[in-house]
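A.B. asks: Chain residues, written in single-letter form:
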Amino acid sequence: MPQRRVAVTGLGVICAIGKNTAEVWESLRNGRTGIGPLTIADTARLRFSNVAEVHDYDPKNHFTSSQVDHLDRFAQFALIAAREAARDSGIVWNDDLRERGAIVTGSGIGGQGTQDQGFLDVYARGRERVHPLTIPRTMANAGASHISMEFGLTGPAFTLSTACSSSNHAFGLALQLIRSGGAEIAFAGGSEAPLSFGMLKAWEAMRVIAPDTCRPFSRDRRGMILGEGAGMLMLEPLDAARARGAHIYAELAGVGMSADAHHITQPASAGPVRAMREALRDAGLQPEQIGYINAHGTGTIGNDVTETRAIREVFGAAAEKLPISSTKSMHGHALGAAGAIEAVASLLAMKHGVLPPTANFNERDPECDLDFIPNTARPARVEAALSNSFAFGGLNAVIAFRAV
Amino acid sequence: MSDALEEKVISTLASVKHIPPEKITIESSLAELGFDSLDTITLLFELENSFQISIPDDRARSIRTVREIVEGVRILKNGRPIQPASAD
Chain V
7 MPQRRVAVTG LGVICAIGKN TAEVWESLRN GRTGIGPLTI ADTARLRFSN
57 VAEVHDYDPK NHFTSSQVDH LDRFAQFALI AAREAARDSG IVWNDDLRER
107 GAIVTGSGIG GQGTQDQGFL DVYARGRERV HPLTIPRTMA NAGASHISME
157 FGLTGPAFTL STACSSSNHA FGLALQLIRS GGAEIAFAGG SEAPLSFGML
207 KAWEAMRVIA PDTCRPFSRD RRGMILGEGA GMLMLEPLDA ARARGAHIYA
257 ELAGVGMSAD AHHITQPASA GPVRAMREAL RDAGLQPEQI GYINAHGTGT
307 IGNDVTETRA IREVFGAAAE KLPISSTKSM HGHALGAAGA IEAVASLLAM
357 KHGVLPPTAN FNERDPECDL DFIPNTARPA RVEAALSNSF AFGGLNAVIA
407 FRAV
Chain S
41 MSDALEEKVI STLASVKHIP PEKITIESSL AELGFDSLDT ITLLFELENS
91 FQISIPDDRA RSIRTVREIV EGVRILKNGR PIQPASAD
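Chains as they are written, first to last, in the working numbering: chain V, 7 to 410; chain S, 41 to 128.
Honestly, the hints are just simulated from the structure, not real lab data. Owing to the predicted nature of the structure, the values given are computational and were not obtained by experimental measurement. Hints are supplied without guarantee of correctness; some may be wrong.
In silico lysine to any residue, SDA-like type, Cα no more than 20 Å apart, as pairs [unchecked claim]:
(1) S/LYS57 / V/ILE270
(2) V/LYS207 / S/ALA100
(3) S/LYS57 / V/ARG213
(4) V/LYS207 / S/GLU88
(5) V/LYS207 / S/THR82
(6) S/LYS57 / V/MET212
(7) V/LYS207 / S/LYS48
(8) V/LYS207 / S/ASN89
(9) V/LYS66 / V/ASN26
(10) V/LYS327 / V/GLY359
(11) V/LYS207 / S/ILE81
(12) V/LYS207 / S/PRO96
(13) V/LYS207 / V/LYS327
(14) V/LYS207 / S/GLU86
(15) S/LYS117 / S/ASN89
(16) V/LYS66 / V/ALA50
(17) V/LYS207 / S/LEU78
(18) S/LYS57 / V/HIS269
(19) V/LYS357 / V/PRO329
(20) S/LYS57 / S/ASN118
(21) V/LYS207 / S/ASP97
(22) V/LYS207 / S/SER94
(23) S/LYS48 / S/LYS63
(24) S/LYS63 / S/ASN89
(25) V/LYS207 / S/ILE95
(26) S/LYS57 / S/ASN89
(27) S/LYS57 / V/PRO329
(28) S/LYS57 / V/GLN272
(29) V/LYS207 / V/LYS66
(30) V/LYS207 / S/ASP79
(31) V/LYS207 / S/ARG99
(32) V/LYS207 / S/PHE85
(33) S/LYS48 / S/ASN118
(34) V/LYS207 / V/LEU44
Facing chain S, from chain V, some residues (calculated, C-beta under 7 Å) [said to hold, decoys possible]:
(35) ARG213
(36) HIS268
(37) THR271
Yeah, the Cβ is synthetic: ideal placement off N, Cα and C, and Gly gets one too.
Full structure from sequences and hints, please.
C.D. replies: Structure representation (C-alpha cells):
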C-alpha cells in the first residue's frame, strides 16, 4: 500500500509576537520583535532582564475560573493554539473522527511554574502541604490531555520531551501515525511556559542568555532569549483534506531525526546534517527544491556557527542562494514549543509568499556566511521549506513542508 | 609562590574536575585540564559561591587559564587588581 500523504489544514499559535496566527503573521512580516523586559517574574535578582513573554495575557479571556484552576500556563497555551488550529481547519467532528483522532504534543519542562510554586510553599514558606492540583497541573502531558477532553478525542494521545526539539519530534510521530493509518486526524505541536523564577535562575546559570536581545547569526550576538507559547497544527490525510475541500497550507512531507552522541549541551554539526538529509530523503525532496529554512538559530555563539556549517554541508553550492531566517529573533526561544511556533511561521511564509526576516541583525559574521534575510521580510514563492530544531542533549529533528 | 586565594581557586578547579590539585598550576589552561563548557559554568558557580562574587557572563566567556581566573577573582573580590608579592 502506498504511503498516505499528510496535509496541514489548520494553524494555531500564541507567543510573544501575537496571540493568534493573524497577529503573529503581522509581526513576522514586519520583523517586529516581542522581546522586552520580563514582567511576570522578579528581575531584581537576575543577571538578565529581557525575555519574550506573551504580552497582555489574561487566562480569563480564554477559560473559566474553574478551568484556570486546572491549567498551568503551558497547558493553557496548548489549548488556545489547539482551538485556533481546529477552528482554522474547518473540520467537522463526528464520532468516527474523534475515535481516530490523535494528539501528539511536545513540552520540554511541562508545568514548571506550578511546580516552582509548590516547592516554594514547602521549602521556603514551611507550609505543610502543596496545592492538591500540583501534579495534574505540572505533568507534561497536561496539554495533550486537556485537548483530548475539550475535543472528545479518544485516539492515540501522548506528549514527548526532547528539550528544544520536542515539537518537531511531535510532528514526526504524528506524521507517522497518519501515514500508517494509526490516526485519521491529529493535533500536533507543542507548548512551553518556562518564565518562572526558578527556571530563569537555572537558565542564568547556563550562561547562554543574552543581556540585550536575540541576534541570530549576527556577529555581535550574545546568546538566546527565553520565550514561551504554543503552536499547533491540524494534520490529516491529504486525500481526506482534498475530499472535504479544506484549505491546505502545505504537505507535511517528511521528518528527519538524529542524535549527536557527542555532548549533553555542546552542539555538533554531524547530527544536524543527518537530520536535514533524512528530512529531505523522507520527503522525496532535492536540496535545490528547498526555498526557505526556518533555522534553529538560537543566537548563541555555538549553535549559529554549527548550524551554518551543517547547512553548507547538506546544501553545498545551493546554500549560497538559500534564504534562511531565525524567527527566534522575534518570538524568542520557546524551548519545547519552538518547533511548533516555527512550523506555523514557515507555513504562513509559504502561504503569503513572504519570508520572515532574522530581526536584530547588525553585522555579518564570517563564520555565519549565508543569506539570513537580515531585518526585512522578503517576497518569495517557496516550493518546499525545512524547519530545524536541535536540542540540548544532541537530539535533532527537522521537518519538511511541500506546497501542494 | 602562591597565596591563599590562588590555592582556593586551584582547589575549586580540582574539586569540579575531580583531579588532584597538584596537577594544576597557575600556568595551566582550562583546555589542558579537560574543562568543557559545562565544567566551566560549574566552576564559575562554585567560585561565585565560595568567594561571594558575581562573575559577569561576558567576562566569564574570555577565561582561558588558571592565571586569568585567579586574577579575575582577585579583582572581583577586592574591586581592583592586587599584585601577589611573588609576582616578578
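A.B. asks: Now look at each hint and say whether the structure bears it out.
C.D. replies: Against the structure, the hints come out as follows:
1. Simply put, S/LYS57 and V/ILE270 have alpha-carbon atoms about 16 Å apart, close enough for the 20 Å limit, and the pair holds.
2. Between V/LYS207 and S/ALA100 the alpha-carbon distance is near 17 Å, which keeps this suggested pair within the 20 Å criterion.
3. Restraint check for S/LYS57 and V/ARG213: the C-alpha separation of about 19 Å stays at or below 20 Å, so the hint holds.
4. This hinted pair checks out: V/LYS207 and S/GLU88 have alpha carbons roughly 14 Å apart, not beyond 20 Å.
5. Note on V/LYS207 and S/THR82: the hinted pairing holds, with a Cα-Cα distance of about 14 Å set against a maximum of 20 Å.
6. Annotation: proposed proximity of S/LYS57 to V/MET212 holds, straight-line Cα distance about 17 Å (limit 20 Å).
7. Of the pairs offered as hints, the one joining V/LYS207 and S/LYS48 is violated, with about 26 Å between alpha carbons and a cut-off of 20 Å exceeded.
8. About 15 Å separates the Cα atoms of V/LYS207 and S/ASN89, which keeps this hinted pair within 20 Å; it holds.
9. Distance check on the hinted pair: V/LYS66 and V/ASN26 sit about 16 Å apart at the alpha-carbon level, within 20 Å; holds.
10. This hinted pair checks out: V/LYS327 and V/GLY359 have alpha carbons roughly 17 Å apart, not beyond 20 Å.
11. Distance restraint check for V/LYS207 and S/ILE81: the Cα-Cα separation of roughly 13 Å lies within the 20 Å cut-off, and the hinted pair is therefore satisfied.
12. The suggested pairing of V/LYS207 with S/PRO96 holds, with an alpha-carbon distance near 14 Å, which does not exceed 20 Å.
13. Pair hint V/LYS207 plus V/LYS327 does not hold up; C-alpha atoms about 40 Å apart against a cutoff of 20 Å.
14. Proposed proximity of V/LYS207 and S/GLU86 is supported: the alpha carbons are some 15 Å apart, at most 20 Å.
15. In summary, the hint linking S/LYS117 to S/ASN89 is supported, as the alpha carbons are separated by about 12 Å, within the 20 Å threshold.
16. Taken as a hint, the V/LYS66 and V/ALA50 pair is broken in the structure, with Cα atoms around 28 Å apart against an allowance of 20 Å.
17. At roughly 16 Å between alpha-carbon atoms, V/LYS207 and S/LEU78 fall within 20 Å of each other, so this suggested pair holds.
18. Annotation: proposed proximity of S/LYS57 to V/HIS269 holds, straight-line Cα distance about 16 Å (limit 20 Å).
19. Note on V/LYS357 and V/PRO329: the hinted pairing holds, with a Cα-Cα distance of about 16 Å set against a maximum of 20 Å.
20. A distance of roughly 27 Å separates the Cα atoms of S/LYS57 and S/ASN118; the hinted pair therefore is violated under the 20 Å criterion.
21. For the proposed pair V/LYS207 and S/ASP97, the alpha carbon gap of about 14 Å is at most 20 Å, so the pair holds.
22. At most 20 Å may separate the alpha-carbon atoms for a hinted pair to count; V/LYS207 and S/SER94 meet this at roughly 14 Å.
23. A distance of roughly 14 Å separates the Cα atoms of S/LYS48 and S/LYS63; the hinted pair therefore holds under the 20 Å criterion.
24. Of the supplied pair hints, the one linking S/LYS63 and S/ASN89 is violated, its CA atoms being roughly 23 Å apart against a limit of 20 Å.
25. At roughly 15 Å between alpha-carbon atoms, V/LYS207 and S/ILE95 fall within 20 Å of each other, so this suggested pair holds.
26. Restraint check for S/LYS57 and S/ASN89: satisfied, since their Cα atoms lie roughly 17 Å apart, inside the 20 Å limit.
27. Note on S/LYS57 and V/PRO329: the hinted pairing is violated, with a Cα-Cα distance of about 43 Å set against a maximum of 20 Å.
28. This hinted pair checks out: S/LYS57 and V/GLN272 have alpha carbons roughly 18 Å apart, not beyond 20 Å.
29. Taken as a hint, the V/LYS207 and V/LYS66 pair is broken in the structure, with Cα atoms around 28 Å apart against an allowance of 20 Å.
30. Proximity of V/LYS207 to S/ASP79 is assessed by CA-CA distance (about 18 Å); at most 20 Å being required, the pair is judged to hold.
31. Proximity of V/LYS207 to S/ARG99 is assessed by CA-CA distance (about 19 Å); at most 20 Å being required, the pair is judged to hold.
32. Using a Cα cut-off of 20 Å, the hinted pair V/LYS207 and S/PHE85 holds, with the two alpha carbons roughly 12 Å apart.
33. In summary, the hint linking S/LYS48 to S/ASN118 is supported, as the alpha carbons are separated by about 15 Å, within the 20 Å threshold.
34. The straight-line distance between the Cα atoms of V/LYS207 and V/LEU44 is roughly 13 Å, inside the 20 Å bound, and the hint therefore holds.
35. Because the closest C-beta pair between V/ARG213 and chain S is about 5 Å apart, less than 7 Å, the hint holds.
36. Given the 7 Å rule on beta carbons, the hint for V/HIS268 is violated: about 11 Å separates it from the nearest Cβ of chain S.
37. A least Cβ separation of about 6 Å between V/THR271 and chain S falls short of the 7 Å threshold, and the interface hint therefore holds.
In this structure, the earlier hints numbered 7, 13, 16, 20, 24, 27, 29, 36 are contradicted, and the remaining ones agree with it.
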